[in-house]
Each structure stands twice: as structure tokens, then as C-alpha cells.
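J.: Each chain, letter by letter, is given below.
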Amino acid sequence: MAKSIDVSDLDIYYGDFLAVQGVNMTIKARSVTAFIGPSGCGKSTVLRSLNRMHEVIPGARVEGKIMVDGQSLYDPSIDPVAVRRQIGMVFQRPNPFPTMSIYDNVLAGNRLNSKRMKKAEQDAIVEKSLRGANLWNEVKDRLNKPGMGLSGGQQQRLCIARAIAVEPQVLLMDEPCSALDPISTSAIEDLIHELKSEFTIVIVTHNMQQAARVSDDTGFFNLKAAGQPGQLVEMNATKKMFSNPDNEATEAYISGRFG
Amino acid sequence: MTTTHETEPEVSPPSQRGDRIFAGLAKSAGLVILAALAAVFIFLAVEGIPGVNQPAETYAPLSSFLPYVGRLLFGTVFAALIALVIAVPFALGIALFISHYAPRVLAAPVAYVVDLLAAVPSVVFGLWGARALAPQLVSVQAWLGEHLGFIPFFAGPASVTGKTVLTAGVVLAIMILPIITAISREIFAQTPRLHEEAALALGATRWEMIRYAVFPYARSGIVSAVMLGLGRALGETMAVALVLSASPVVTLNMISNTNPATIASNIASSFAEATPAKLSVLIATGLVLFAFTFAVNFAARAVVARSERKFSR
Chain A
1 MAKSIDVSDL
11 DIYYGDFLAV
21 QGVNMTIKAR
31 SVTAFIGPSG
41 CGKSTVLRSL
51 NRMHEVIPGA
61 RVEGKIMVDG
71 QSLYDPSIDP
81 VAVRRQIGMV
91 FQRPNPFPTM
101 SIYDNVLAGN
111 RLNSKRMKKA
121 EQDAIVEKSL
131 RGANLWNEVK
141 DRLNKPGMGL
151 SGGQQQRLCI
161 ARAIAVEPQV
171 LLMDEPCSAL
181 DPISTSAIED
191 LIHELKSEFT
201 IVIVTHNMQQ
211 AARVSDDTGF
221 FNLKAAGQPG
231 QLVEMNATKK
241 MFSNPDNEAT
251 EAYISGRFG
Chain B
1001 MTTTHETEPE
1011 VSPPSQRGDR
1021 IFAGLAKSAG
1031 LVILAALAAV
1041 FIFLAVEGIP
1051 GVNQPAETYA
1061 PLSSFLPYVG
1071 RLLFGTVFAA
1081 LIALVIAVPF
1091 ALGIALFISH
1101 YAPRVLAAPV
1111 AYVVDLLAAV
1121 PSVVFGLWGA
1131 RALAPQLVSV
1141 QAWLGEHLGF
1151 IPFFAGPASV
1161 TGKTVLTAGV
1171 VLAIMILPII
1181 TAISREIFAQ
1191 TPRLHEEAAL
1201 ALGATRWEMI
1211 RYAVFPYARS
1221 GIVSAVMLGL
1231 GRALGETMAV
1241 ALVLSASPVV
1251 TLNMISNTNP
1261 ATIASNIASS
1271 FAEATPAKLS
1281 VLIATGLVLF
1291 AFTFAVNFAA
1301 RAVVARSERK
1311 FSR
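Respectively, the protein sequence lines represent chains A and B.
Note that my numbering has the first sequence beginning at 1, numbered continuously upward.
Note that my numbering has the second sequence beginning at 1001, numbered continuously upward.
Since the hints were made in silico from the structure, they are not lab data.
Treat each hint with caution, since some may be false.
Said to hold, decoys possible - Per the computed footprint, the stretches of chain B lying under chain A, defined by three or more beta-carbons under 8 Å from a beta-carbon of chain A, are:
{"no.": "1", "stretch": "1200 to 1206"}
{"no.": "2", "stretch": "1209 to 1217"}
Stated by the list, open to error - Below, a sample of chain B positions facing chain A; criterion: calculated Cβ distance under 10 Å:
{"no.": "3", "residue": "Arg-1104"}
{"no.": "4", "residue": "Ala-1108"}
{"no.": "5", "residue": "Gln-1190"}
{"no.": "6", "residue": "Leu-1194"}
{"no.": "7", "residue": "Glu-1196"}
{"no.": "8", "residue": "Glu-1197"}
No residue lacks a Cβ here, since even glycine has one placed at the ideal position from N, Cα and C.
Construct the complete structure from the given sequences, taking the supplied hints into account.
T.: See the structure below:
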């Protein structure tokens, strides 16, 4: 199920503005890849281009190649809707559908795929996904209550459950813990460890300890210079990145001597 | 409220006095509107209540107040509902087009044109409806009467002038279109990006995204918009008076020569030659319309408040 991603010569634009230039990287299947770097350097932009969410913004476009298991993501024959069904995403702020119950939130993606499902089948998916997101024990008695009634950390895990319910190949996470308290953060980090046996995970984070804790590989993004587009400075195994990075800028950023 | 000292820059807290002045202005504005509403109500009550008990011939072709106003009220609601049935799908479609489908270069002009519709005086719509639209609709109504005659609404025989309650409903629909469109467009455009992206990231098409994120968010706003449109349609006078040659009858037939009158159009067309007795009857019907519109608005608020409570839990 999990797939690897190859990115080559990726340039990302907002209208005429070149936001990110020349990204080349390989994201391994069944591993966690973290993107770190200062604000505004294009980490989230690159992440969003991996499931074609980038182009949702008017005028936004992408040049270059992204291959998922040998299939080009930006091939004209590829429907972006189909891409997003296979590459799930979790956002910075938890965003369960406010009018839906916990149960319906988990099934939202499956219902979009418009398969008619039996009640038993639905129940099974809900339980499996909520267990997968470590939320089942907390919500199993109130599945029909609104998802908005949960705490922030629970809502974020609900969003993860919703994303994994459709069994995607890749799970993208855009600073999934930045709106959460340390306990919820730790719950989600544990979850990421468990999920990586099944999914390819890419996570953007501002928290370098978090990158060090959860990821196998880390990519460091930075602006080339003030006013210049962002770029991938270095990508390496996380252990190496945090002990002995190849690039001086990486070391400066990681050790806090940045700028 | 303001004093001559105002021009002198005072050192000791200037913002507080500004606050007080503004609070006073806002409070008096609020009180004035309440007083105006109360004054209208009192006028209608004082002048109208005698109209409930007048000699039978005043209520011609009927003989007492309740059936008289009942039939007018029926006509009012009927015409307004026809207008809503026609206008709401169009208005929501236009609003969605502007907020989510149209390219930006197109969205702004379309929104502008729809807003312009609201600036056309209602008497112009009435003239257009009676002189231009009604003759055009003759053949449509004849077709409806011929092929859909088994539905009570189109029982016919179709009017040869086209001046029917259906035509009036179409005119009313065009008149309430801008307000429904404008309000729902604003609400649609305010849908949180977060919810839209949540749906898109799950692989929703644009329409699915609208169903998942936009409509649930906008539900209470749509109800408000529709209710405002309904309020406008209920009270609209000239457009209906000019299109319909109406009589107080109760019929569901939308395309025949006998058309139910509405309260407002009845007042407008009978006002000029009314005797004092008839006048008080007309004002009493006005009071009924006032109370009815009030009740509709109240009901709408209740619906909106309830659905909001449900979502916020």
C-alpha cells in the first residue's frame, strides 16, 4: 500500500512568484520524512504540491516532476481528485467537519468515493480507523456526538482517522501538532511511529526535537537569500542531519545559530 | 449631544468622551427604530381595528372581515411562495457560481449586475411584468394548461392576457433574487478555508466540497436570506398591483383569469376611491400583513437560532 515518492527539479509558483525552486528528493516508502526550516521557506508549499492541494489556490502552479511509484502525479491524464484520494493530508489546525458526528467524520472520505457500504462495513471502518488513530477508547461511547465537541488533540486524531479511513498510500502532515499541547503532541508522535508500518508519512514541523524524534529522514529547507525562492538545502538520514550534517547552514539552523 | 467644547483638544481622556458620544448615538438610533416600529403598529391598530366591524357591503364581494382578509392573505402567501420556488434555486446557483465556480474576472461583474437588479424600482418591474412579460408568457401558460392541466396549479383555462398570479410570481421572483443572492453569496464566500481544504484533501470534487463544507456552514445564512426574500415578496405592492387584475378568491390555479389578490396590491388598487369605512378595512388588512410578516421573521430567527445551537455543541 505504501509508496515512495520521487521529486525532480520541482519549481512551485504562486502566479508569477517563484516560491520554491529546484527541489530534488526521494521519499522512502514506509518511513517518516520530516521537512524542517524557517517560516516562509516553502516546506508546506512542497508538501501541498505532493497531493496537488497547492493548485487549489488561484494562480498557483507547479513545474517539474513528481513520481509516485513510477506514476507521474502531474501528468495531464491524472485527475487531481483521484490523487488526493490516494494521498491523504492532515492540516495544521484540526478541521473536522463541524456539522458531522464523529462517526460521519471518519467516514467522510469513504462516502466521497461513493461506494454503497453496509452498516456493518461502515462500523468496521470507523472502529479500525479510530483504533488506528488511538482515539477509539476515548470516543467509542459517543460516536454520534459532533466531532467539534472533542478537545483539540482528539480532533486532530479524528482528522488522522478520517485520513487513514480511505487507506491512502501516503499521509502528508502539515505541522500537525503546532496547535496542540505537549500531551496531545506526544500522543500524535506515538501515533506517527505506529502508522509508519503501513503508510509513507511526510511531516512538516517547526519543532526540531519533533523531527528528531519521529522521522527517519529529514529535509532542511531555506530561502536562498532574502527575497529569493526557497530551496531544499540538504536531505539526509535524520541521525546524520542532527549529529553531523553535510551543510553548514543546516548545522547552523539545527544548533540554533541561525541567520 | 455634542458640545461646543468639542473642538478644543482636551487632555483628560479624550477617547472616553468619544466613546460616550458614539454610545449615545448608537443607543438613540436603536431606540428610534423601536419607536418607529411601535408607532406604525399603533397607527395600524387604532385606524384598523374599526375596520373589523363594518357594514357587510364594505367587504364586497364578501360579507365579513375574516373571510375577506383570509382570502387576501392566501393570495399574498401564494404569490410569495411561487416567487420563492422560482427564485431560491436560481439565487443559490448564482451565489455559488460567483463564490466558487466563476473565474475571478467573471465573478465580480456578475455579482455587480445582480446587485443592480435590486436598484430597479418596483414600479418598473410591475410595468415590465404587465406590458412585456405577460404577453410573452401567454403561450407558456397555454402549454402548461394543456399538458400539465391535471395538476391543480395549471388547471386553466389559461388566461389570454397572461396577467396571472404565475406572471406576478415570476416578477416577484426577479425582485427578490438580488437579496437572496447577495446574502448567500457573502455566506458562501465566508466558508472557512480549513473546511474546504479538509474536503478537497479527502478527494472531494468541487461539488462534493460544496456539499461537505459550504452548505453545512451556510445553512442558517441561507434560511435568513430566503426569509428576507419572503418578507420582501409578501409586502411587495406595485409589481403585483400592476400585473394582476385580482379579486379576493382562493384558488390554486396559477394561470387562469381569476387570480387571488394580495393584501398589499389590494390596498394599493382600492385606496384611491375608498370610503372611510373601506379605508379602515384596508388598514386592518395592513395590520394583518404586518403581524404575519412579523411572525414569519420570528419563525425564521427561531429556525436559525436552533440550527446554530445544534452546530455549536
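J.: All hints are to be evaluated individually against the structure, with a verdict given for each.
T.: Now the hints, each set against the structure:
1. Judged by the Cβ-Cβ criterion of 8 Å, the stretch 1200 to 1206 of chain B is covered by chain A as claimed, because 6 of its residues qualify and three suffice.
2. Counting residues of the stretch 1209 to 1217 of chain B whose beta carbon lies closer than 8 Å to any beta carbon of chain A gives 4, which meets the minimum of three for the stated coverage.
3. Interface hint status for Arg-1104 (chain B): upheld, as the beta-carbon distance to the closest one in chain A is roughly 7 Å, under 10 Å.
4. Given the 10 Å rule on beta carbons, the hint for Ala-1108 (chain B) is violated: about 13 Å separates it from the nearest Cβ of chain A.
5. For Gln-1190 (chain B), the interface hint is violated, the least distance from its beta-carbon to any beta-carbon of chain A being 13 Å, above 10 Å.
6. Annotation: Leu-1194 (chain B) was flagged as interfacial toward chain A, and the flag holds, the nearest CB pair being 4 Å apart, inside 10 Å.
7. Using the Cβ-Cβ criterion of 10 Å, the hint placing Glu-1196 (chain B) at the interface with chain A is satisfied: the shortest such distance is roughly 8 Å.
8. Below 10 Å, beta-carbon pairs count as interface contacts, and Glu-1197 (chain B) has one with chain A at about 7 Å; its hint therefore holds.
Taken one by one, the earlier hints fail for this structure at numbers 4 and 5, listed in ascending order.
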